[in-house]
Amino acid sequence: MARVVVLGAGVSGHTAAAFLRRWLRAEDEVVVVSPKPDYNWLPSNIWVGLGRMQPNDVLIPLAQIYKRHGIIFKQAKALSLYPEGSDKLDQPHVKIESTLAEGAAAQELLTYDYLINATGPKLNFAATEGLGPSGNSLSVCTADHAQEAAHTFLDHVAAMKRGARRRFVVGTGHGTCTCEGAAFEYVVNLEFELRRHKVREQAEVVYLSNEYELGDFGMGGAHIRRNGYITPTNIFTESLFAERGIEWIIRSHVTKVEPSRIFYQTLSGEEYELPFDMAMLLPPFSGVGLDAFDKMGTNISSRLFAPSGFMRVDAAYSAKPYDQWKASDWPRSYQSSEYSNIFAAGIAFAPPHAISQPHYTATGVPIFAAPPRTGMPSAMIGKAVAHTIADRIRGVERAPHMASMSELGAACVASAGADLVHGSAASMTVFPIVQDYDRYPEYGRDLNFTVGEIGLAGHWLKLLLHYLFMYKARLLPGWTLIPE
Amino acid sequence: MKSSAYATKPTRVTRWLRVFIPWQVIRFIVLNWKIIQITRRNEHLS
Ligand SMILES: Cc1cc2nc3c(=O)[nH]c(=O)nc-3n(C[C@H](O)[C@H](O)[C@H](O)COP(=O)(O)OP(=O)(O)OC[C@H]3O[C@@H](n4cnc5c(N)ncnc54)[C@H](O)[C@@H]3O)c2cc1C
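These protein sequence lines map, in sequence, to chains A and B.
Residue numbering for the first sequence follows my numbering, starting at 1 and increasing by one per position.
Residue numbering for the second sequence follows my numbering, starting at 485 and increasing by one per position.
Bear in mind the hints are in silico, worked out from the structure with no lab data behind them.
Among the hints, a few may not be true.
As the list claims (entries may be wrong) - Within a straight-line C-alpha distance of at most 30 Å, the following computed DSBU-like cross-link-like pairs (lysine-lysine) qualify: (1) 95(A) - 74(A); (2) 326(A) - 493(B); (3) 36(A) - 95(A); (4) 88(A) - 77(A); (5) 518(B) - 198(A); (6) 67(A) - 77(A).
Stated by the list, open to error - Where chain B lies over chain A, by a calculated footprint (3+ residues, C-beta under 8 Å): (7) 61 to 75; (8) 90 to 103; (9) 154 to 167; (10) 467 to 478.
What the hints assert, rightly or not - Short, incomplete list of chain A residues facing chain B, as computed with Cβ under 10 Å: (11) 51; (12) 55; (13) 278; (14) 380; (15) 430; (16) 483.
Glycine included, each C-beta is placed from N, C-alpha and C at the ideal position.
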């Protein structure tokens with residue numbers, strides 16, 4: 001009998017656990033540890049954040065699903081890893097702490113044969129003074145945050161219906177943020193909702209971002225074929241903003257958020273203030289802060305984790321200048337660089353470097369988008385890691401399964417208005433996610449599979465994906481037929 | 485703050501096509517086909 005422990009029940013961990021249960025023998029155990037009782041389909045939080053969906057529409061309680069499928073669920077958070085065992089237990093184990101109301105803070109040592117770290121990001125609001133829901137700005141990174149954003153938004157809409165004017169600022173709350181796609185999606189949806197509520201005239205909508213160019217999205221932008229031209233995504237994004245009267249500020253690092261004022265610095269070193277009535281600013285991400293100890297109790301966290309807190313895997317981490325970055329620097333098997341029975345999947349792995357070109361102010365403040373790890377690659381990585389572990393447990397001798405972001409493509413549909421007849425979305429696919437200039441010398445990507453377009457079809461697609469992925473996450477009959 | 489002055493803007497026909505249902509049905513099929521192709525290539529990798 002073997003036991004695989006999966007830390008995290010997000011896109012990556014949930015996918016890995018579901019496939020492991022399918023591929024392992026009945027006597028093997030799959031244990032999922034996650035602090036929250038629910039799975040959150042994050043892409044639809046955007047709609048929760050504007051009152052078009054409720055948290056229940058994007059959350060799925062996990063306990064019943066896991067019970068039905070023979071997956072052991074521990075509602076707890078992982079605190080520390082002991083890959084060589086400790087003075088308390090010889091076997092590799094992880095220390096977890098219950099988050100259940102009745103057993104809150106009860107700790108347990110959970111042994112494993114294989115461990116998948118799929119803990120996603122820590123939402124690092126503390127990086128910027130006053131950032132986040134417990135400070136002076138809003139977020140849509142969890143269903144609760146999104147619901148709070150919706151209440152604030154709808155209060156402003158009500159005030160605008162009585163004649164008030166408002167300024168909405170949406171974007172990134174720090175110079176090193178990632179996930180700009182989510183901020184982009186929120187701002188265009190917000191603008192759509194203002195029109196739907198017939199208060200657009202009284203609103204100023206501003207997108208504030210750390211991106212060097214609009215449409216960078218942390219992947220150095222992309223090039224797409226359009227109307228006889230090869231067009232960079234900044235043209236595509238600027239056009240969408242211009243059409244909708246959304247103003248933008250880029251190359252910016254938010255330094256402080258006061259109750260109705262954002263302070264930010266630009267790449268050229270200038271400092272500005274931006275008054276607002278409502279601000280939805282994403283936080284930078286870091287690892288969730290797991291510690292690791294060797295058999296002697298020595299802290300070995302710096303061997304397992306990068307300074308960002310994300311786990312080191314089979315990537316080329318040696319620092320090198322931007323022009324020497326290679327697609328082959330990116331990890332393929334996601335096996336820990338230190339222990340062959342530990343893997344990191346989804347956002348939890350440490351990228352070797354950014355994808356977008358780094359930029360710094362004269363005083364060395366970094367202002368550029370960090371690499372995104374969107375839903376599709378996170379799920380693909382979870383599945384590949386599950387496959388490798390299942391092979392090893394069943395004694396199948398073959399090379400690890402690969403899911404390099406420089407070989408994987410991704411589709412991202414950014415809703416730009418939720419309405420079945422008048423709605424729209426910006427649908428983008430890129431192949432591969434990380435540019436590979438050896439294979440595709442001109443643009444780093446295969447232009448046959450790198451597309452972008454705006455229209456109602458995208459909204460239908462986004463809605464279809466919502467229902468398909470909610471169905472898949474419930475592990476209902478035929479879930480394996482729905483691609484990652 | 486930057487705004488629309490120098491940005492490309494869609495013509496009225498483009499905006500109309502974006503919500504013209506027969507055309508969008510075709511685009512829906514094309515987009516799905518592209519995404520399926522990408523997932524196939526992804527599956528092939530692992
Ligand atoms: C608002 C928003 C919109 C997005 N929209 C899109 C989109 O349209 N398309 C797209 O492709 N991607 C989108 N993304 C990105 C996508 O959601 C992520 O790529 C994906 O969720 C990453 O999966 P993950 O499993 O690595 O992390 P997560 O989904 O964040 O899961 C991490 C899991 O680990 C758990 N965890 C945390 N700490 C611990 C701990 N100490 N111990 C155990 N478990 C722990 C968490 O509770 C969670 O269950 C969006 C993200 C956001 C925030």
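For each hint, the structure was consulted:
The straight-line distance between the Cα atoms of residue 95(A) and residue 74(A) is roughly 12 Å, inside the 30 Å bound, and the hint therefore holds. For the hint linking residue 326(A) to residue 493(B), the alpha-carbon distance of about 36 Å lies beyond 30 Å, and the restraint is violated. Distance check on the hinted pair: residue 36(A) and residue 95(A) sit about 17 Å apart at the alpha-carbon level, within 30 Å; holds. Between residue 88(A) and residue 77(A), the direct Cα distance comes to roughly 20 Å. Compliance with the 30 Å bound is thereby established for this hinted pair.
For a cut-off of 30 Å, the pair hint linking residue 518(B) to residue 198(A) is broken: about 36 Å separates their Cα positions. The suggested pairing of residue 67(A) with residue 77(A) holds, with an alpha-carbon distance near 19 Å, which does not exceed 30 Å. Counting residues of the segment 61 to 75 of chain A whose beta-carbon sits less than 8 Å from any beta-carbon of chain B gives 0, not enough to reach three: the coverage restraint is violated. Only residues whose beta carbon comes within less than 8 Å of a beta carbon in chain B count, and the segment 90 to 103 of chain A has 0; fewer than three means the coverage is violated.
Check result for the segment 154 to 167 of chain A against chain B: violated, 0 residues qualifying (beta carbon to beta carbon below 8 Å, three or more required). Counting residues of the segment 467 to 478 of chain A whose C-beta sits closer than 8 Å to any C-beta of chain B gives 0, which falls short of three, so the coverage hint is violated. A distance limit of 10 Å between C-beta atoms decides the matter here; for residue 51(A) the minimum to chain B is near 23 Å, and the interface restraint is violated. Using the Cβ-Cβ criterion of 10 Å, the hint placing residue 55(A) at the interface with chain B is not satisfied: the shortest such distance is roughly 27 Å.
The restraint placing residue 278(A) at the interface with chain B is violated, with a minimum CB-CB distance near 17 Å, outside the 10 Å limit. With a cut of 10 Å, the hint placing residue 380(A) at the interface with chain B holds, because the nearest CB-to-CB distance is about 5 Å. Among the interface hints, the one on residue 430(A) holds; its C-beta lies about 9 Å from the nearest C-beta in chain B, closer than the 10 Å criterion. About 4 Å separates the beta-carbon of residue 483(A) from the nearest beta-carbon of chain B, less than 10 Å, and the hint is met.
When held up to the earlier numbered hints, the structure conflicts with 2, 5, 7, 8, 9, 10, 11, 12 and 13 and fits the remainder.
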